[in-house]
Amino acid sequence: MSGDSAASAPGRPGDRPERPVGRKPAGSRWGRLFEGGLLEGGVQGSPVIRLFMRWVRRPLLPVMRLWRRNIQLKVVATTLLMSLGVVLLLGFVVIGQVRNGLLDAKVKASQSQATGGFAVAKQQAEEAVSVTGDEETAADGRPSQSVIQWMSDLVESLSSGGQGAFDVVTLPAADASGSGRGPRASGQVNPTASVPAELRERIDENTSAAQSYTRIVYDTGKESQPALVIGKQVNDPNRDPYQLYYLFPLTQEEKSLSLVKGTLATAGLFVVVLLGAIAWLVVRQVVTPVRMAAGIAERLSAGRLQERMKVTGEDDIARLGEAFNKMAQNLQLKISQLEDLSRMQRRFVSDVSHELRTPLTTVRMAADVIHEAREDFDPVTARSAELLADQLDRFESLLADLLEISRFDAGAAALEAEPIDLRDVVRRVVSGAEPLAERKGTRVKVVGDQQPVVAEADARRVERVLRNLVVNAVEHGEGRDVVVRLAAAGGAVAVAVRDYGVGLKPGEATRVFSRFWRADPARARTTGGTGLGLSIALEDARLHGGWLQAWGEPGGGSQFRLTLPRTADEPLRGSPIPLEPKDSRRNRGLDDAGLPSGGRHGGKSATAPARQPGADGPARDPFALPPTAVTPTADPTALPGNGARVVARTGSTRMTPGTPAGDGTPHGGGTGDGTATRRTSRGEPDSGAEGPGGGSASRDGERDGEASRGR
Amino acid sequence: MKGRVLVVDDDSALAEMLGIVLRGEGFEPSFVADGDKALAAFRESKPDLVLLDLMLPGRDGIEVCRLIRAESGVPIVMLTAKSDTVDVVVGLESGADDYIVKPFKPKELVARIRARLRRSEEPAPEQLAIGDLVIDVAGHSVKRDGQSIALTPLEFDLLVALARKPWQVFTREVLLEQVWGYRHAADTRLVNVHVQRLRSKVEKDPEKPEIVVTVRGVGYKAGPS
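First to last, the sequence lines map onto chains X and V.
Note that our numbering gives residue 260 to position 257 of the first sequence, counting from 1, and the numbers run on in steps of one.
Note that our numbering gives residue 470 to position 40 of the second sequence, counting from 1, and the numbers run on in steps of one.
These are calculated hints, taken from the structure and not from any lab test.
The reader is advised that the hints may include incorrect statements.
Stated by the list, open to error - Straight line, CA to CA, 30 Å or less: simulated DSSO-like cross-link-like pairs of lysine-lysine: (1) X/Lys329 to X/Lys313; (2) V/Lys537 to X/Lys443; (3) X/Lys111 to X/Lys258; (4) V/Lys573 to X/Lys443; (5) V/Lys573 to V/Lys638; (6) X/Lys313 to X/Lys337.
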């Protein structure tokens, strides 16, 4: 027994520590199965297996999410597992030791008892021999009868000394003849069933004592009990060998052992549970401040700058809290400084506005009075009065634009969005531009106004943008038609203003939005724009979360497109109108001179890359349809997928020169958190219209010709 | 046409220039440069219209506007250098009928003044009903259950415009043209603010208007009578 337990006990300690370790690979295998196999469709087996795995996985998902997200759970679970391992290991070692200790004493006592018993049996046999030796002649006929009696007496006398501490069994030797020496046992022990056969064989083979463990089986139906059995071959008075066994019940020892086991198990359970609880508490101590920090960081980033962590003590957590609070403090300080600065600037703008405007009003009125009376003046004074009035107009609009721009810069521009029908706005703008168009001999056509084009927008700002675009188009359209196109699709509405005038030089599509930018300073300007119109228009578009973009080709006219989200808080994903119009030279398959491009490639889709090497190709304009997709008959409004396609392509055009100014800028520009996030998430370049740098430079090679955009 | 105009402006040059222009158009201007004295001057001169600069020494224009409005429905046109939404809306909410942003052209100013004065030319006798209100156009009175409700001339005009065509939805632009006499002005804040002011006077529950109903995305219309 001791050998058995000693063998098993060391075996387990070796096993135990591996257990937590051994589980992890199993767990990760599961994880791999779940994450790799199922998420990526890695289970190549039949769909049935995949279905089954999905079915298994679904209820596990919340648990897995909790496991991934909750460090407290992780630590507590790990602690529980590891402490369970340690407790089991300890338990087995301790139980092994206790068992060995208990049994060793018992075995020694039993052995000496049995040895004594064997000696007594031998002695009694010898005594019986000397007694029966005299009777041999007289009672020769029935010697066995006396041996049978003698053995019964022997068993009784041997067992009577044990007081129930042991039982005695005799069994015939294996080679004994069937001489009536049947098995005998004391205390209702079933002799044959209680002695293991294996031990009997061992005792048959040699004469020394041997021992084994067994269970005592009783004839009376008493419950069997574990026992140590020691046996030896002894001779009876007839010098025939028989087997004498001592059976020592181990009930007491087993009871002690199970008591120890129970105690250990209870203690171990308590230890494990307590360790888990301790781990939970300890982790909570660390995790609570961390969670608090996370929550407060979230609130800070949501703009509640006065949030602080509670700091107690001087430990590491407290240091974290202090550092965190210091950071928050500095952030708050910086932000409030910036806010002050912005407030000051706004205030300054407001003050300048008032201070400049009041005298300007007086000057303006005076000039008008003089202007009215100019017919009474001599020609020189009259002309001067005219110039004065004209330039005051210009000064006024310049001042108004400047103030508007600085209002944008100060972030003081507020959007008053409400659902408006862009067709009304377009109609107003077009009728407003009518006098100028007549002077220029231009017809302004409106396309796509059969259906309402409704969006949440600030009518005043949208009208300003469109007036700017239409006036620009008429002004630079060289008397050719101007087409205003409206469309709505997906979550966006768009108005594109197309002219067929001088167009834009390469790179100018970006630069037109720069402040005070003029394509050709030498070019005579008829209406005297301030040079801020398109910048303001761009800011207006941005304020809506929309885009304002320009496309142009030298000599082929240009197209300006305003795209607005249908609802104010919806991010734009695409525009219902392609930025490059269908009738652009490239889309018609013509080269820059307006001639059909050479027959090198049959289709117009192939001419574009052939004519414009390098990064151009698809990157030329992310918002235009790919040339192949532009069929002359396709109405852009009938392409709801346009937006999606645009989105898919913006990522790849990130650094390409073709990204027009309006692309990066309209949703950038720091008008608010929302737009900034949107831009980041879209992976757009930060450079806006004001930073045409690399973009326009690399674009220079693509488009040639000349253009001018004053406003 | 009556034409007494009180100019409340602290800038003497501008005030003088305004005087020149107004006299040239046949108005009778009177002047006050201080917010504190504005009310006294108003009571004394009994103008047909007030031109009020928003930034004044002493009481500011908003306050003056409120005081004048408290005792009279006379048209008030604000002169403001700030076209920012907040300034304009605050001015309108304090009771101004119209505003004009500096720098303005003399013609524009005169047009606004005339538009505000024109309404006082005698209207035809007419009875209108809107909701549970009864409007006597000629008598310039609005009554609910015999109780008359005091409205400024502008608010009255706004209500009459809506009540005359209860079947029609008025866009803000149309109202601007009909009530204020604008042709191409795009500032619909005027309409919004004055509709709010009108509602606060004629509606039982201004939160749930029944007289002047908003038609979302279009404009306003008269409630069912």
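Legend entry - Violations among the numbered hints: Structure breaks hint 4 only.
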